[in-house]
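**Q** Protein sequence lines, in the order shown, are assigned to chains A and B.
If you read the first sequence in my numbering, its first letter stands for residue 3, the second for the next number, and so on.
If you read the second sequence in my numbering, its first letter stands for residue 172, the second for the next number, and so on.
I should point out that these hints are in silico values taken from the structure, not numbers from a laboratory.
Just so you know, even glycine gets a beta-carbon here, dropped at the ideal spot from N, CA and C.
Honestly, I wouldn't trust all of these hints.
As the list claims (entries may be wrong) - Below, a sample of chain B positions facing chain A; criterion: calculated Cβ distance under 10 Å:
(1) L231
(2) L232
(3) G347
(4) A350
(5) F352
(6) T438
(7) T446
(8) T447
(9) T456
(10) T457
(11) A459
(12) F461
Stated by the list, open to error - Coverage of chain A stretches by chain B, computed from C-beta distances (three or more under 8 Å per stretch; other residues unrestricted):
(13) 252-258
(14) 261-273
(15) 405-413
Stated by the list, open to error - Take a look, some chain A residues computed to stay more than 10 Å from chain B by CB distance:
(16) Q240
(17) R373
(18) V389
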Amino acid sequence: MTTISRRQLLRNAGLLGTSAVLADRFRGVAHADKPISFSGWVFKPDTVKDYVNFYNQKFTGQVQYESIPWAQYHPTMETRALAGEVVDVMYCNHNNRERWFENGLIRSLDDLPGVDELKKKMTPANLDSLKNKDGTKLLGLPYFTSLFVLIYNEPMLQQAGIKGPAKSWDELVEHCTKLKRDKLSDTPFLPNWNNSPSGTMPQFMTDCFSEGAQVFDAKNRVIVGQEPGAAKAMERWQKVYKAELVNPEVLTKTSSTDTHRLFWTGRYAYHTNHSYYLKTIAGEPENSKLAPKKAKMAMYPGTGHTYMWTDSYTVNAKTKVLDDAWKFTRFLGGNLNGDWYVQRQWCLISGLDNPYPEMYDHPEIIQSYDRWIDLKLLREQYKKGKVIAAYKGPWYGEYDTKAVAVVHNIIRARRRFPRA
Amino acid sequence: MAVARTIPSAVQGTSPRDGLRLSEGWFALCLVLPTLLGIFVIVVFPLLYSLWLSFTDVNLLRTTGPALELFGVRVPLFRFVGLQNYAKIFDDPLYWSSLGRTLYFVGAFVVEATLVGMGMALVLHERFAGRPLVRSLLLIPWSLSRVVVGLLWIGILDFEFGALNGILARLGLIDGSIAFFKHGFSALNVLVAVYMWNQAPFATLLFLAAMQSISLDLYSAAEVDGAGYWQRFRYVTLPAMRPIVFLVLVLATVNGFLMLDLIYVLTMGGPAHDTTTISWLGFQTTFAFFKFGPGTAILYTLTALCLVLTVIYHRLILARFEPEG
Numbered sequence: 003m004t005t006i007s008r009r010q011l012l013r014n015a016g017l018l019g020t021s022a023v024l025a026d027r028f029r030g031v032a033h034a035d036k037p038i039s040f041s042g043w044v045f046k047p048d049t050v051k052d053y054v055n056f057y058n059q060k061f062t063g064q065v066q067y068e069s070i071p072w073a074q075y076h077p078t079m080e081t082r083a084l085a086g087e088v089v090d091v092m093y094c095n096h097n098n099r100e101r102w103f104e105n106g107l108i109r110s111l112d113d114l115p116g117v118d119e120l121k122k123k124m125t126p127a128n129l130d131s132l133k134n135k136d137g138t139k140l141l142g143l144p145y146f147t148s149l150f151v152l153i154y155n156e157p158m159l160q161q162a163g164i165k166g167p168a169k170s171w172d173e174l175v176e177h178c179t180k181l182k183r184d185k186l187s188d189t190p191f192l193p194n195w196n197n198s199p200s201g202t203m204p205q206f207m208t209d210c211f212s213e214g215a216q217v218f219d220a221k222n223r224v225i226v227g228q229e230p231g232a233a234k235a236m237e238r239w240q241k242v243y244k245a246e247l248v249n250p251e252v253l254t255k256t257s258s259t260d261t262h263r264l265f266w267t268g269r270y271a272y273h274t275n276h277s278y279y280l281k282t283i284a285g286e287p288e289n290s291k292l293a294p295k296k297a298k299m300a301m302y303p304g305t306g307h308t309y310m311w312t313d314s315y316t317v318n319a320k321t322k323v324l325d326d327a328w329k330f331t332r333f334l335g336g337n338l339n340g341d342w343y344v345q346r347q348w349c350l351i352s353g354l355d356n357p358y359p360e361m362y363d364h365p366e367i368i369q370s371y372d373r374w375i376d377l378k379l380l381r382e383q384y385k386k387g388k389v390i391a392a393y394k395g396p397w398y399g400e401y402d403t404k405a406v407a408v409v410h411n412i413i414r415a416r417r418r419f420p421r422a
Numbered sequence: 172m173a174v175a176r177t178i179p180s181a182v183q184g185t186s187p188r189d190g191l192r193l194s195e196g197w198f199a200l201c202l203v204l205p206t207l208l209g210i211f212v213i214v215v216f217p218l219l220y221s222l223w224l225s226f227t228d229v230n231l232l233r234t235t236g237p238a239l240e241l242f243g244v245r246v247p248l249f250r251f252v253g254l255q256n257y258a259k260i261f262d263d264p265l266y267w268s269s270l271g272r273t274l275y276f277v278g279a280f281v282v283e284a285t286l287v288g289m290g291m292a293l294v295l296h297e298r299f300a301g302r303p304l305v306r307s308l309l310l311i312p313w314s315l316s317r318v319v320v321g322l323l324w325i326g327i328l329d330f331e332f333g334a335l336n337g338i339l340a341r342l343g344l345i346d347g348s349i350a351f352f353k354h355g356f357s358a359l360n361v362l363v364a365v366y367m368w369n370q371a372p373f374a375t376l377l378f379l380a381a382m383q384s385i386s387l388d389l390y391s392a393a394e395v396d397g398a399g400y401w402q403r404f405r406y407v408t409l410p411a412m413r414p415i416v417f418l419v420l421v422l423a424t425v426n427g428f429l430m431l432d433l434i435y436v437l438t439m440g441g442p443a444h445d446t447t448t449i450s451w452l453g454f455q456t457t458f459a460f461f462k463f464g465p466g467t468a469i470l471y472t473l474t475a476l477c478l479v480l481t482v483i484y485h486r487l488i489l490a491r492f493e494p495e496g
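Just need the whole structure built from these sequences, with the hints factored in.
**A** This is the structure in structure tokens:
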């Protein structure tokens, strides 16, 4: 029998321990990503933290996440860039993407591995939306996409003896007039005319599209004044406002979120807003009187076309950890995990859609959507989603904000619709 | 003396006493220098820099032009464009209409906050049961964040679920709901009233402190002369409070001009531009359109207005005021 002295035992144990510690450290050096900074505007920051933690654990990442209030988000990121700070991965809304790219804050993603596969999986309209002005470079991966939908209050329509949702604008106005006359609703129609960038102007474009009108031409010049469909939409808006079919205070609501919450009360018959808001209206009984599924989506009247946009994750042009930043961006806006992890989470938790159609075949997604929306109809509506390219122009932000006042004055009949 | 030897000859006096006095001056300067430096870095430099920005074409993402190097920090100076930013904003009809609304807002707010503040101070100056409690409660509106104030008043005034409409409807005083934010002018007046509710307690606090510092002998003498309540107020209280009235007017005016957060929470400048004031226009121009040059130019016109009004108040209220003693 071999005997081991106490000294040998201690020496061997020490060697074993040291090698274990060193092995662990070397494994860490070999596999852990470099630290990445990641910033986004405040929307469910706890959800974001959860998937950042998931990424850090599963992919041995070192992502540091920070959320910034929406109103200050883009100016804050620019101020930080001015101060020389490099935030590796950033949210960027569609209105600011081109400017950030042209001024060298973000880089194009086309030369990065795996991007072509993601491009193939995206719907073409969304892909166009994520490209730069001349359509040659991809500037971001999708955070989410959305479009305007028509939502109706089924119990209220039934109470009024109306058999189904309006299929045309004339029918919708007729329904609302009847509901007001029958005193079933003081203001049956709730369009998203709020004062924020996500309200009046996207709603205006949506209704123009639904009347077959264009707002911008191929060179992104404003041509809406020449479009009879746009004039028709504006006449309708004036009519419903004058007839007091609309909550007059919707013009001073400060967000689309605030606006959609009015529909929770069950006092309105029709509402037009971003598709994901139907999730809280029809899927959250603790908040909404129209849940579960008493509020439903109908195909948008007229041509059925509605305004669609795509917000994104972008990569800083000056990042020193490009490989790791891109890997994390693919996790967020692509399919690094093999199961569309982040995109799927947003679908399940908030009803935020994405431009990858194959994801909507997943049983978990189908089951989840079934609790608040007709998924097939939503996918049909997405086929009619229209993107614009005008927001890629440097003038768009100011135009978009200042035009709100013009449209509000047209609605209130203080100004005529400008015909060319 | 070791200290005296280290002092440069130019600042030394002729006698040891003079030398000590001057060295004390230098010593004092050394003590305040860090504070002065702090004030320069935190107040003076940003002020001068933002004034400079109002004469430049700013693009935060393009900083390749001229720059200052301060303690190793590169401060971009951007392209100088002279008075172009000012010319642009003065050429914009929206600026002038916003200025009109701003002047209305500030005027109405200053009058309301001063009168209500004074009225509440007069009440709280009297003795009555529960006065300490009322004085404490009075400060609650002022201590609330303005975002919270805005949300609170949405809860009260909202067309759909506002408490006020609910109460009026239950009392049978209205049929349907009142839309307080439907018309621009009524929305602007709601903003004035809400801001007054938030700020008047501070005016009350200042007025009350001033009232308590007035000698009771003056009131006794006035009473002996047969002065009634209002005469005592007119001839004793008001004249003694001139510096505080001046302070309240200046503070209310500056606060009124700068008010932004309530607009953000309650109306976002709408409907249309009906509640757009200069501060909101400056905020939008700077942070929504990313036009930092014109944005700072807009906001510097507010600064100029505040300065002019402060001088006017000073002339009107304090010019002939002689403090007691």
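**Q** Going through the earlier hints one by one, which of them does the structure break, listed in rising order?
**A** none
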